[in-house]
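Asks: These are the residues of each chain, in order.
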Amino acid sequence: MTVLNVRDLHKTFVLKDMTVKALDGVSFAVEKGEMVAVIGASGSGKTTLLNIIGLLDRQDSGELELFGEIIDFSKDSKNAVIRNGRIGFVFQDYSLIANENAVFNVMLPLFFTKMPIGKMRKKAAEALQKVGFPETHLKNKVKLLSGGQKQRVAIARALVNDPDIILADEPTGALDSESSETVMSLLKDLNASGKTIIVITHDPLVAEKCTRVIRMADGKIV
Amino acid sequence: MSKVHLLFKIIRQLKVKAVLLLVITLAAEAAVVYIAGLYRLPKQYQSRLSGISKDGSCVYFDTLGRRADVESLLSGYNSVEDILYVSYVANLKYNNELYYLKAVSSEKCFGNSLKSPGDNGKDTNDAGDNGTGAKRGKIPSIVSSRLILQGDSAGDMIPATVFKEDEQFDTEFSVRDVLSEDSLVMNFQVGSNRVSAYNIFAPCGKDVYVIADDSLEDLLFEKIGFDRSVLYPSNGIVLFKEDSDRESRLEVINTLLANDIGVQDSSEIEETTRIVSKNNIDVFSAIPLLTMALSLAASFAIIVMSIDSEAKTIALIELVGCSKTQGNVLLITAFSVILLPGILLNSAFILTSVLLGKQLIDNVLITPESFLQLGITVLAFLAIITVSTLFLKRQNSHVQRVIEEI
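Note that the protein sequences, when read in sequence, are chains A and B.
Once you know that position 16 of the first sequence is 54 in the working numbering, the rest is easy, because the numbers rise by one and skip nothing.
Once you know that position 110 of the second sequence is 823 in the working numbering, the rest is easy, because the numbers rise by one and skip nothing.
Among the clues, some could well be false.
Said to hold, decoys possible - Distance condition first, Cα-Cα at most 25 Å in a straight line; then the derived PhoX-like pairs of lysine-lysine:
1) A:K152 / B:K821
2) A:K54 / B:K1025
3) A:K160 / A:K179
4) B:K919 / B:K756
5) B:K1025 / A:K116
6) B:K1037 / A:K116
7) B:K919 / B:K821
8) A:K152 / A:K168
9) A:K177 / B:K756
10) A:K177 / A:K152
11) A:K247 / A:K168
12) A:K181 / A:K160
13) B:K716 / A:K181
14) B:K730 / A:K177
15) B:K716 / B:K1025
16) A:K179 / B:K716
Bear in mind the hints are in silico, worked out from the structure with no lab data behind them.
Chain A with its partners taken away, still in its complex shape (with noise of 0.2 Å):
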């Protein structure tokens, strides 16, 4: 079942002094249950491709097809309900609130659910613990918390709606080796139980524990 399916995505960006042509007619497709790298150097086009995939930008021209469904991007709260309940995200910064603690931070996806403050509470601290955060850090604020803690709060966060498909940009990017190695097998674990992963990376280590790769230059698939 597809998934995912982009066709020749056009994204350019006008800066200052000058136009850059961020995506170049992107088009690839992702099954369910894929683990998809997509790997290219620096200003290639990536992170403009995840936030397009993401539902947090709008392509310039092509189509996205989502779930089987073409994503209209002018419909911005029903992308936020798509965003919320079947899409995960995982940052390089971990685009976490630092003032506020892990378990905050996991509930955030669930206050866009008509859930009540006390089952937020109880499915974040069990996406907490799926991912093996430890349990005696679970009020400690984000900004005490090391590099590898932050990474595990931002996957637990990801999967606290049950999504079906998880974004990571550079996931590792912050990450020691060993922390890098932990966030990997977590990220393997989810593949296995079925979820759908891209991996936006540009270390070739990361990509070669997915299970496809898509390589990208100058804002297209080469």
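Mind docking chain B on chain A? Use the hints.
Replies: Using the frame of chain A, we list chain B on its own:
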């Protein structure tokens, strides 16, 4: 419920900034209300004055300290429409407190402060029998503030004692109306050669005004035995008929001057009022204006800085399923909630002042119109919050950060 929880989490994140914003916006709103009230008071005096002068159709007269029977003096002049004055008559005891009883020549002395329709005094069938009131069956009408007529209302009869030197006379008055203590009534407290509206009008305060009509004359002259001069004014205003010509008005003025009564033209009084108003505003507005400018500038700066920091949090929340609209609403609502206690406190202050009739605070007049100034200030804050939210949230979005990395 979960959204409310999230909202308060966002507010709690602001901590010191939220407290600072609450205090500074509270001060800014109060300063705006204060400044508006400061400018409103002279306007009220000027409006009361222009309500009487009607395009200069009046003159102010001053007998220079003595009491003169101006009414008799001007009785033969057809150009005179009315003579407005206030005379101190006697001391009055009511509810065991002593007050000044002042006679007013006409209800026009109250301007538009009177709210109840008049009935020219109360008829009493047995007024002559019980020894109170006037023999014609009418009882003198009084007007005073809520400070004195507590619990009384228009139409009530109140017992009071009038003093004449060592003698006391128990009598009864009919309450014509109960004013707020800050209602401007004619008082003619003149202390300088140049008369302004501030000398002509004064807040009602704790004075008791009795309307000079037949029933009062009966009470004062026939029952108590006062001399007729007790009702003669030492200063006041001569109102001319609108259709009277310049010559006939000049005749009146010349008659007054010939009897050693000083006269000031209404245009002079208006000019003096303008000068006094300007001086009052200059004296009293400097510090509040500075406070207003600083607190408004600080409020705007803190709002923008706080939204900039919170926009990052909202950008993170948008990654996990919050729509852009929801993000905007969350941020705008969070900052509106922070402003709410300040708005409520200022509103409570205005409402209390108006309801309790304590609208005049130093040189500041608080009226229901003060809500308008408060509302405009709050709208300005909300506009800044909305514009900052729309602009800064975009600047702090995940996509924008990616673009900046390019």
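Asks: Determine for every hint whether it applies to the structure shown.
Replies: How the hints compare with the structure:
1. A:K152 / B:K821: The given pair, whose Cα atoms are some 67 Å apart, is violated under the 25 Å limit.
2. A:K54 / B:K1025: It holds: about 23 Å lies between the C-alpha atoms, which stays within 25 Å.
3. A:K160 / A:K179: holds (18 Å)
4. B:K919 / B:K756: Holds, at about 23 Å.
5. B:K1025 / A:K116: holds (22 Å)
6. B:K1037 / A:K116: Since the Cα atoms of K1037 of chain B and K116 of chain A sit roughly 11 Å apart, the hinted pair holds (cutoff 25 Å).
7. B:K919 / B:K821: holds (20 Å)
8. A:K152 / A:K168: holds (23 Å)
9. A:K177 / B:K756: violated (61 Å)
10. A:K177 / A:K152: holds (24 Å)
11. A:K247 / A:K168: At roughly 21 Å apart (the allowed maximum being 25 Å), K168 of chain A and K247 of chain A satisfy the hint.
12. A:K181 / A:K160: With Cα atoms ~22 Å apart, K181 of chain A and K160 of chain A stay inside 25 Å; holds.
13. B:K716 / A:K181: holds (24 Å)
14. B:K730 / A:K177: holds (24 Å)
15. B:K716 / B:K1025: The given pair, whose Cα atoms are some 18 Å apart, holds under the 25 Å limit.
16. A:K179 / B:K716: It holds: about 21 Å lies between the C-alpha atoms, which stays within 25 Å.
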